[in-house]
Amino acid sequence: METKVMGIFTKILSFLVGGLFVIAGALKASDPSAFFNAIENYQILPHALAVAATFFLPYLEIFCGMAVIFKRLHAGALVLLGGMTLVFIVALLLAWVRGLNIECGCFGAGDGPVNYGVALIRDLLLLAAIGFLWWRRERE
Amino acid sequence: MAGIVKLRTVLKQAGVLLLAAGLLAVVAGLSIPLEERAEGEIGLAAALRLKPVIWIDARSVADYDAEHVPGALLLNEENWSSLVPKVLESWDSGCTAVVYCSSPGTQASREVAERLRDFKLGPVFVLQGGWIAWKQR
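Residue numbers (the working numbering), protein chains in the order written: chain G, 1 to 140; chain L, 1 to 137.
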């Protein structure tokens, strides 16, 4: 019984985590110009890398999100999503420390100035969810 | 041994996903015409890192005379024909132009940027937040 409940919970969580990345990636891919500005506002990457990330990151999020939902290339997708989330957390922390008043860019443009506390808690929860999915995968 | 096999599987799968995203990114990047890539807005932080750049002030003469971005050239729709020759003279081919007006809500910078793009001298961006963003930097 407990295993069955855990299985359903894992499936729901996979759908939520994967879906979140698919939506975030699709929103970024739909407006590359706005996402480029969001990356540049963090003042971390050099111009050329910011351009590359503008086109690369959204599709990586979409592919990894779909891989988690459909359980294909599952382990690779979870590692990449975990890595990306860690990078987002570090970027947010760096921007916070420097007192930048910028948009998060987490879900494309137009989400207003970032609330660092909320964004960090969300990303940490996301990282925990990815960790949980990895743990479940290892036990299966 | 099992650990190495598992690591290999993870790396292989991650590689496939990275490659797929990379290929689509290249296609997406190349599918946008250069002119369109140059359109749109740019944040102040990004604009300040552009080199070389020419700043265009799309506000009124009075606002420009009161204060403007250092080195910016005045160019508005009201005095277009008298002001544009100086801008074209100063705008080296390939140099990025950043146009700003009074506030994010005004259309002046967008219209001036639209006209400037017709000269096809280089990328043209509209500064997000306009003059207000500059003053608050």
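These are calculated hints, taken from the structure and not from any lab test. Glycine is no exception: its CB is placed at the ideal position from the N, C-alpha and C atoms. Take these hints with a grain of salt, some might be off.
In silico BS3-like pairs for lysine-lysine, Cα to Cα no more than 30 Å straight-line [stated by the list, open to error]:
| # | chain 1 | residue 1 | chain 2 | residue 2 |
| --- | --- | --- | --- | --- |
| 1 | G | K71 | G | K4 |
| 2 | L | K135 | G | K11 |
| 3 | G | K11 | L | K6 |
| 4 | L | K135 | G | K71 |
Here are some of the chain G residues that sit facing chain L, going by a computed Cβ distance under 10 Å [what the hints assert, rightly or not]:
| # | residue |
| --- | --- |
| 5 | I39 |
| 6 | Q43 |
| 7 | A50 |
| 8 | T54 |
| 9 | F63 |
| 10 | L73 |
| 11 | H74 |
| 12 | N115 |
| 13 | G117 |
| 14 | A119 |
| 15 | E140 |
Verification of the supplied hints:
| no. | hint | verdict |
| --- | --- | --- |
| 1 | K71/G to K4/G | 18 Å, holds |
| 2 | K135/L to K11/G | 50 Å, violated |
| 3 | K11/G to K6/L | 22 Å, holds |
| 4 | K135/L to K71/G | 50 Å, violated |
| 5 | I39 | 9 Å, holds |
| 6 | Q43 | 5 Å, holds |
| 7 | A50 | 8 Å, holds |
| 8 | T54 | 8 Å, holds |
| 9 | F63 | 5 Å, holds |
| 10 | L73 | 4 Å, holds |
| 11 | H74 | 7 Å, holds |
| 12 | N115 | 19 Å, violated |
| 13 | G117 | 22 Å, violated |
| 14 | A119 | 18 Å, violated |
| 15 | E140 | 13 Å, violated |
Checked against the numbered hints given earlier, the structure breaks hints 2, 4, 12, 13, 14, 15 and satisfies all the rest.
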